[in-house]
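Residues per chain are reported as follows:
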Amino acid sequence: MRNAYWMLLAGAALCAAPSAATAQDPAAVAQGAMVWAQNCTRCHNARASTERTDRDWFTIVAHMRARANLTRSQATAVATFLTATNEPIAAQSSPEKTAPADSATAAAAAAKVVIPATLTPEQRKRLLAYLARIRQP
Amino acid sequence: MRHTTSRRSAALATALLLAWLQPAAAQQAAPHFPGANLVLVGYGTAQYSALLPAEGGATTSANNFTASLAPILLFQMGEDLLFEAEMEFGLSGETTTTTLEYAQIDYLGFESVVVVAGKFLLPFGLFGERLHASWVNKLPNAPLLYGHAHGGVAEAALLPILADAGAMARYSRPMGADWGLDVSFFVTQGPRMVANEEEHTDGGAHDVVAFANVDPEHDGGGAAAAALVPSVAFGTSFADNNDNKMLGARVGFVRAPRLEVYLSGFHAMYDADNYLDLTGANVAAEVRARGFELRSEVALLRQEFATENEYRTSQRGGYYVQLSRTFGRVEPVARWGHLLEEEQRGALIQQERQRLAVGASYWIAPTSPLKVMYEWDSMDDDALVVQWAIGF
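Same order as they appear, the protein sequences are chains U and Z.
So the numbering used here is basically just the index in the first sequence, starting at one, shifted up by 253.
So the numbering used here is basically just the index in the second sequence, starting at one, shifted up by 2.
Hints are supplied without guarantee of correctness; some may be wrong.
[Unchecked claim] Computed beta-carbon distance windows for the label pairs:
no., chain 1, residue 1, chain 2, residue 2, range
1, Z, 386, U, 280, 45 to 53 Å
2, U, 280, Z, 334, 38 to 46 Å
3, U, 280, Z, 358, 32 to 40 Å
4, Z, 336, U, 326, 20 to 28 Å
5, U, 280, Z, 257, 21 to 29 Å
6, U, 326, Z, 380, 46 to 54 Å
7, Z, 265, U, 326, 49 to 57 Å
8, U, 326, Z, 276, 38 to 46 Å
9, U, 303, Z, 77, 50 to 58 Å
10, Z, 343, U, 326, 30 to 38 Å
Since the hints were derived computationally from the structure, they do not count as laboratory data.
Since the model is a prediction, treat every value here as computed from it, not as a measurement.
Ideal Cβ positions, reconstructed from N, Cα and C, are used throughout, including at glycine.
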């Protein structure tokens, strides 16, 4: 009986934890990166996520959802990705000066996307692959 | 025993408290949209164009600087409601032109469907709805099918970029990892017949009239034949000229980001008496591979018209193909457009017209191309255009 109480307590605590769709959830960010890379660049160059605040990205993604025929889940994923990667790049030198280690990292720098530290190595690798694939002059 | 009971009570109380707090905690953590928000986006251009008279042509050279601004206002209320409107300001002749390109309310509360009401760009083909913004369009003007160019001069073509007032539902369904189906269905006010003197009532900066595309200087009898086919306006009058509404749809098959194929069409009666049909059809495709991007659209316009003693049908068509590739910041582009000749009983309804444009964009920033284009036109002067566009 005592175990049941503690299980109830643990269950309630889990419910109270942030949902799977939190802005920094690595899986959600990686999923958003995929949707973003596959859809936004069909019509135009990728915009730097650092261009806009969280609030602006939610509204702009809603605007683009209607234009690009995205589902609500896809739009949420894109907004999650953009708001997770729009922190100002702290004291970053220009990409030309930092001589990125590889083309994927260069793509991330060129797109001005901040790779969340919470990503696993595999998720980070996939995200960098998406960034390398997108149209980015 | 009392101690155990007390501990159980504390655990139960804590569990209930955490369960009660759950919505608020999740609300704080989830990336949901907070309240209301107003955002200004859009694009602008600065442009230089020079018309170069064809050899033996009657026209004189002309060169002009011009500019345009297209602010887009976005107002979001909660997660499910969005109002979006685009204005266009341009310079034309001695005036500044203003156009309300779209003003629509979107309901975003469904998973797969977006409901739209207001004046909106019609999902007919791809260029008009998705690609005409000057920082997105890879050349300074519109393809030959469409008679509208930001920062440029309105011109006769098969169709304008279509916008109209009404309601629309947009459905999307992902299929697997990268396949998707999207369907848009709309009902709008519809086109109306306009007298020739009504054409270009907006000053010419926003070409909303479908023309019988005949140049009388090139064909003596053509003008008379073209006069039989009335011009048709879309989205210019919000008092309907008849009881009929325009119905249209677009179905798209997408394998993002490599392949997109769209079939679209519309149908309406355009005269006051509900006798004359206007039907449009469009097939659009985009392919991306090895850094290349190929875009193409084929459009057909079928228009009934009345002569003194019979009803006749005009079928006008055309297509364009555009190929581009990025090399770092430079993106060369070539576009070929062709309007097909339409002749009826010896009278020219639409003269054949071909246009080849070659150019390149230098991407100063991901949303700011500096474009240079040279264009050969079988019915008009050659043109050199330099356009600097910026999206914000």
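Now the hints, each set against the structure:
1. Taken as a hint, the range 45 to 53 Å holds for the pair residue 386(Z) and residue 280(U), whose Cβ atoms sit roughly 51 Å apart.
2. About 39 Å separates the C-beta atoms of residue 280(U) and residue 334(Z), a value consistent with the hinted range of 38 to 46 Å.
3. Residue 280(U) and residue 358(Z) have their C-beta atoms about 49 Å apart, which leaves the hinted 32 to 40 Å range violated.
4. Between residue 336(Z) and residue 326(U), the C-beta spacing of about 38 Å breaks the proposed range 20 to 28 Å.
5. At about 24 Å, the CB distance of residue 280(U) to residue 257(Z) agrees with the hint of 21 to 29 Å.
6. At roughly 49 Å, the beta-carbon separation of residue 326(U) and residue 380(Z) lies within the given 46 to 54 Å, and the hint holds.
7. Range check, residue 265(Z) to residue 326(U): about 26 Å between beta-carbon atoms, so the 49 to 57 Å window is missed.
8. Checked against the hint of 38 to 46 Å, the pair residue 326(U) and residue 276(Z) passes, with Cβ atoms roughly 43 Å apart.
9. Separated by about 24 Å at the C-beta atoms, residue 303(U) and residue 77(Z) break the suggested range of 50 to 58 Å.
10. At roughly 48 Å, the beta-carbon separation of residue 343(Z) and residue 326(U) lies outside the given 30 to 38 Å, and the hint is violated.
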